[in-house]
Amino acid sequence: MNENSGMPRGDFVVSVILVVFSVWVIHMSLTMRRFGELGLAASPGLSPLVFAALLLICGLILLRRSLAQRGYRMGLSSRKSAAFLRAMETRHFVVVLASIVIYYLFLGVVHFVIISAVYVFFIIWYFKGVAWWKNLLISVLSGTIIWFSFDQVFLIPLP
Amino acid sequence: MLLIGTMAVGSLFATGRPEAPDAEWRPTRTITIIVPWGAGGASDQTARVLASEMEGILGTRIAIVNQPGASGSTGQKSAFDARKDGYTWAGNADASVATYQVLDYTPEISHRDWQAYFAIFTPCVITVNPESPITDWDSLIEAFQTRSVDVASAGIGAGGHIAAEAFAGNLGLSYNHIPYGGGHPAVVATVAGETEVVMQLSMEVADMLRADQLRPIAVMDSRPLNISGVDEIPAITDFAPDMPSVGFHFGLFIPKAIPPEAAEAISAAFETASRSEAIMRLAEERGSVAVSVQGSEADEVMEQAASMFGWLLYDSGVAENSPTQFDIPRP
Amino acid sequence: MGFVYLMRETVALLTPMDLFYCFVAVQLGIVFGMLPGLTATVGIAILTALTFQWDPGNAILVLIGVYVGAIYGGSRSAILLNIPGTPASAATCLDGYPLSRSGHAAEALGLATTASFLGSMAGLVALSFLTPVLGGFALEFKSYEVFWLAVFGVAICGNLTAAGDPVKGWVAGLLGIMLSFVGMETIQGFRRFTFGVSELMAGFGIIPVLVGTYGIVEILSSLSDTSPEQRVPQIGRTLPQLRDVAANWVNIVRSGVIGVFTGVIPGVGENIGSFVAYDFAKRASKHPEKFGKGSIEGLIASETGNNAVVGGALVPVLALAIPGSPPAAVLLAALFLHNIRPGPMLVIENPMYMYRFSAMFLLASFAMFILGILIVKPLLKLLMIRKSIMMPIILVLCMVGTYAIAGRPFDILVMIVFGLLGYPMRKLGYPEAPFVLGIILGPMVDENLRRGMLLSYGNPAAFFVSPISIALVIMTFFTLFGRTRAVRSVFSIAMRPLRSTMRSVGRTFGLLRRNGNSMPPSTDDEDDRRERRTREESRR
Numbered sequence: 006m007n008e009n010s011g012m013p014r015g016d017f018v019v020s021v022i023l024v025v026f027s028v029w030v031i032h033m034s035l036t037m038r039r040f041g042e043l044g045l046a047a048s049p050g051l052s053p054l055v056f057a058a059l060l061l062i063c064g065l066i067l068l069r070r071s072l073a074q075r076g077y078r079m080g081l082s083s084r085k086s087a088a089f090l091r092a093m094e095t096r097h098f099v100v101v102l103a104s105i106v107i108y109y110l111f112l113g114v115v116h117f118v119i120i121s122a123v124y125v126f127f128i129i130w131y132f133k134g135v136a137w138w139k140n141l142l143i144s145v146l147s148g149t150i151i152w153f154s155f156d157q158v159f160l161i162p163l164p
Numbered sequence: 014m015l016l017i018g019t020m021a022v023g024s025l026f027a028t029g030r031p032e033a034p035d036a037e038w039r040p041t042r043t044i045t046i047i048v049p050w051g052a053g054g055a056s057d058q059t060a061r062v063l064a065s066e067m068e069g070i071l072g073t074r075i076a077i078v079n080q081p082g083a084s085g086s087t088g089q090k091s092a093f094d095a096r097k098d099g100y101t102w103a104g105n106a107d108a109s110v111a112t113y114q115v116l117d118y119t120p121e122i123s124h125r126d127w128q129a130y131f132a133i134f135t136p137c138v139i140t141v142n143p144e145s146p147i148t149d150w151d152s153l154i155e156a157f158q159t160r161s162v163d164v165a166s167a168g169i170g171a172g173g174h175i176a177a178e179a180f181a182g183n184l185g186l187s188y189n190h191i192p193y194g195g196g197h198p199a200v201v202a203t204v205a206g207e208t209e210v211v212m213q214l215s216m217e218v219a220d221m222l223r224a225d226q227l228r229p230i231a232v233m234d235s236r237p238l239n240i241s242g243v244d245e246i247p248a249i250t251d252f253a254p255d256m257p258s259v260g261f262h263f264g265l266f267i268p269k270a271i272p273p274e275a276a277e278a279i280s281a282a283f284e285t286a287s288r289s290e291a292i293m294r295l296a297e298e299r300g301s302v303a304v305s306v307q308g309s310e311a312d313e314v315m316e317q318a319a320s321m322f323g324w325l326l327y328d329s330g331v332a333e334n335s336p337t338q339f340d341i342p343r344p
Numbered sequence: 168m169g170f171v172y173l174m175r176e177t178v179a180l181l182t183p184m185d186l187f188y189c190f191v192a193v194q195l196g197i198v199f200g201m202l203p204g205l206t207a208t209v210g211i212a213i214l215t216a217l218t219f220q221w222d223p224g225n226a227i228l229v230l231i232g233v234y235v236g237a238i239y240g241g242s243r244s245a246i247l248l249n250i251p252g253t254p255a256s257a258a259t260c261l262d263g264y265p266l267s268r269s270g271h272a273a274e275a276l277g278l279a280t281t282a283s284f285l286g287s288m289a290g291l292v293a294l295s296f297l298t299p300v301l302g303g304f305a306l307e308f309k310s311y312e313v314f315w316l317a318v319f320g321v322a323i324c325g326n327l328t329a330a331g332d333p334v335k336g337w338v339a340g341l342l343g344i345m346l347s348f349v350g351m352e353t354i355q356g357f358r359r360f361t362f363g364v365s366e367l368m369a370g371f372g373i374i375p376v377l378v379g380t381y382g383i384v385e386i387l388s389s390l391s392d393t394s395p396e397q398r399v400p401q402i403g404r405t406l407p408q409l410r411d412v413a414a415n416w417v418n419i420v421r422s423g424v425i426g427v428f429t430g431v432i433p434g435v436g437e438n439i440g441s442f443v444a445y446d447f448a449k450r451a452s453k454h455p456e457k458f459g460k461g462s463i464e465g466l467i468a469s470e471t472g473n474n475a476v477v478g479g480a481l482v483p484v485l486a487l488a489i490p491g492s493p494p495a496a497v498l499l500a501a502l503f504l505h506n507i508r509p510g511p512m513l514v515i516e517n518p519m520y521m522y523r524f525s526a527m528f529l530l531a532s533f534a535m536f537i538l539g540i541l542i543v544k545p546l547l548k549l550l551m552i553r554k555s556i557m558m559p560i561i562l563v564l565c566m567v568g569t570y571a572i573a574g575r576p577f578d579i580l581v582m583i584v585f586g587l588l589g590y591p592m593r594k595l596g597y598p599e600a601p602f603v604l605g606i607i608l609g610p611m612v613d614e615n616l617r618r619g620m621l622l623s624y625g626n627p628a629a630f631f632v633s634p635i636s637i638a639l640v641i642m643t644f645f646t647l648f649g650r651t652r653a654v655r656s657v658f659s660i661a662m663r664p665l666r667s668t669m670r671s672v673g674r675t676f677g678l679l680r681r682n683g684n685s686m687p688p689s690t691d692d693e694d695d696r697r698e699r700r701t702r703e704e705s706r707r
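Residue numbers (our numbering), protein chains in the order written: chain U, 6 to 164; chain B, 14 to 344; chain Y, 168 to 707.
Because the hints were derived from the structure by calculation, they are not lab data.
Ideal placement from N, C-alpha and C gives every residue a C-beta, glycine not left out.
Please note that the accuracy of each hint is not assured.
Stated by the list, open to error - Covered by chain U, according to a simulated footprint, are these stretches of chain Y (three or more residues, beta-carbon under 8 Å): (1) 256 to 264; (2) 335 to 348; (3) 609 to 619.
Stated by the list, open to error - To give a feel for the contact side, a few chain Y residues facing chain B, derived at Cβ under 8 Å: (4) 355; (5) 356; (6) 364; (7) 373; (8) 489; (9) 622; (10) 625; (11) 626; (12) 628; (13) 629; (14) 632.
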């Protein structure tokens with residue numbers, strides 16, 4: 006297990022991203038403003054420089070390892086990617102993510118109880134959790150209880 | 014189930030909602046005070062005491078939200094960006110709010126946009142580690158002249174930094190500035206002997222002075238400072254007559270653009286709250302002075318703070334924007 | 168003598184009213200701790216406001232109860248849902264969740280409760296009897312020492328992975344550190360990597376990041392998982408076998424001591440304490456390969472560690488009026504607001520208060536233990552709820568908890584973005600725990616490194632002067648190079664004479680992985696049980 010994470014392709018992609026990212030951070034931190042006569046030794050860029058260098062080393066280790074396992078062979082084919090896009094998992098992921106983003110966008114625009122209840126209702130409905138009336142009960146109740154205990158009792162601000 | 018349990022338990026705390034007396038503006042929902050610093054700091058404590066006093070007078074509950082980060086500018090900005098209906102306040106200090114523009118943190122919000130309500134004044138005190146060879150004013154000056162003295166502060170633009178800048182600038186001295194993440198860490202570092210001098214607010218050093226963990230040299234004010242349990246701390250003007258006073262006023266900040274009747278009600282409530290026993294006690298314990306400053310008097314304090322702190326920061330190269338850009342006159 | 172005082176104060180607290188307040192407060196704390204986003208800090212701050220007008224005695228009791236309860240409560244959601252309620256429980260996830268997945272949720276919850284209680288007892292000993300001694304120790308940790316402590320924290324990132332791939336642990340940790348640099352830094356007030364976005368000035372808060380990388384990722388992955396949901400039948404008893412606890416006594420004592428010391432150091436809190444305790448347990452364990460896959464030792468270490476921090480963090484509060492952790496800072500403020508002045512003057516003015524305070528802590532720990540064991544069974548029902556009903560409600564709670572920290576909508580956005588970043592990270596085998604630890608450590612490393620440079624006028628030699636610094640450097644060294652086989656062999660040749668002495672030192676603290684005799688033999692029992700478990704699983 007130690008020298009082989011079992012996903013050379015993923016490692017290859019990540020290591021390339023890491024190397025590029027850390028080189029960019031190194032560049033940024035070297036050009037960061039310096040204060041006082043100590044120069045780099047006390048500049049805000051010092052720590053980003055050091056840790057980006059360490060990240061670069063880690064990235065290179067990963068890169069070498071994935072190259073040794075021929076991780077650069079992506080083996081991407083149009084059929085595979087089409088299957089990936091059509092997969093149930095991908096679709097669920099997109100729906101869940103989109104619903105979270107929409108929920109976020111409507112927070113503060115629509116009253117918290119309403120938007121939360123609608124969100125919970127939608128997810129339970131989409132995944133065919135329970136009968137609609139139970140669903141309605143769950144979503145409205147959870148939204149109201151959360152709102153009541155936070156906003157009214159503990160004076161925690163809600164969006 | 015669990016949530017219902019929470020609610021039941023929570024309602025225990027919810028009881029005792031205070032009754033509203035006859036005020037023109039009656040808040041109908043919870044007022045929020047955004048404290049743009051961490052819980053437990055000077056701004057936070059002042060705001061909490063004021064809030065608990067004003068809750069009864071205004072007849073509503075007041076929630077405190079800590080929104081720390083970026084020297085308080087982010088939280089101060091979100092208090093400003095909220096609807097200006099008198100339900101969102103900020104709890105901060107004059108020197109911070111007055112320098113957000115010159116420091117380029119929130120150049121679009123002027124300190125003149127805020128109506129300040131100050132309840133606590135706390136001057137900066139020059140203190141040293143008790144093992145330091147510095148024992149009085151003369152040895153302090155001598156130390157600064159002959160060697161590089163490490164001066165701790167709560168960070169750029171914090172009370173201790175501005176006090177040190179004023180001190181060194183006025184006397185033509187130099188020092189090694191060591192910034193920390195807050196007033197408390199800076200004071201602790203001096204107690205622990207990592208740094209030799211700290212010039213933070215009296216509020217932050219009071220207990221260390223009482224326990225002889227720090228030695229006071231002078232207060233950065235024209236009047237001597239009395240902290241219970243500590244000998245009177247001499248005023249810095251006794252030694253250097255031209256030295257400016259450096260101190261912070263803590264209190265509430267409410268946008269001037271709120272409805273006038275709301276401002277009136279808040280002003281009346283603050284007047285009572287700032288003279289309450291709780292504020293007196295807070296001031297006494299934390300080695301500071303209870304004040305009750307609002308209206309044009311508070312504007313005056315803000316102007317002075319903007320001019321003094323703004324120019325000090327600009328002249329020392331810390332602030333990016335010139336105070337003249339914002340019509341802030343040189344002191 | 169101290170013990171008599173402590174008992175006297177405890178008996179004085181045993182009134183029905185005080186007990187009621189204490190249990191209510193601890194229960195509230197547990198709920199705060201369980202909810203993603205709401206932490207001990209927020210809980211104490213909220214309760215400070217609500218108990219402001221109360222009699223100081225009751226108010227402080229309530230606040231201590233919330234503190235103890237919240238740090239413990241975080242482990243509930245960590246074990247059951249793989250979402251740590253507070254950052255302090257991130258290390259608990261590593262082993263608690265796998266245990267619950269394999270049908271041992273009751274056992275894990277019960278063990279975590281016991282471990283938390285024992286951790287609290289370690290904290291209590293420190294608080295009531297060692298406060299003057301440890302208070303002085305807190306002042307020994309200056310910029311150089313805290314810097315090395317943070318570096319040590321970075322080094323253990325490689326050990327916090329289940330996959331046994333330290334590089335991925337370090338990558339995750341380093342990424343966390345890089346992201347923590349976004350925003351205005353403390354030393355010069357310079358805005359790093361903000362690109363003119365004013366919201367970024369305050370940086371990424373630990374809570375939005377934590378809730379994003381655990382909560383959102385969990386919601387995304389469990390809802391998009393198409394394989395039919397299977398409910399794992401839960402077996403095992405709630406009250407842990409005395410044998411399990413006894414077999415781990417070295418582990419518990421070690422984690423307790425680590426927790427207390429981490430707590431005492433100003434500004435270093437529960438979050439780091441549990442990780443360090445976990446790392447030490449893994450190093451000392453006979454079965455380090457089980458860590459991250461449901462190791463009882465790991466669970467105990469993390470939970471003992473984080474609750475021991477609570478007591479430790481209150482030591483400098485009482486002794487020096489310096490908070491040892493962020494929640495302790497709020498508690499300190501509350502003490503001031505209630506006219507109690509802790510600090511060096513306390514011993515002179517009100518010497519008995521230390522014992523009263525400890526007695527409150529003792530009472531809260533017992534309340535935590537009792538309530539903790541009692542709520543295990545109801546909590547197990549959570550596992551019976553279908554994911555498609557549970558997850559949307561958890562998301563609403565994540566949103567609320569994240570927003571509650573500072574009332575900033577931007578934090579919710581941060582949470583979602585980190586969820587999006589965390590999802591591929593989890594799929595590709597990059598562990599969340601070091602990532603979160605990196606976010607905590609980043610500012611610590613940065614600030615103290617540069618402050619040290621300012622203090623020493625740019626001379627790095629100053630970092631290697633104090634004994635604590637050197638000890639931490641050695642620990643870091645062994646953490647990094649004790650693992651890699653290549654480096655280890657090189658060093659064994661170069662440092663053969665030194666090694667034997669180091670080993671004897673290291674053995675005491677479990678620094679070396681190969682120290683056979685420090686663990687009690689009964690871990691073999693665990694071995695058997697583990698085998699049984701796998702057999703059961705394969706049957707299913």
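**Study point:** In rising order, the numbers of the hints this structure does not comply with
**Key:** 1, 6, 7, 10, 11, 12, 13, 14
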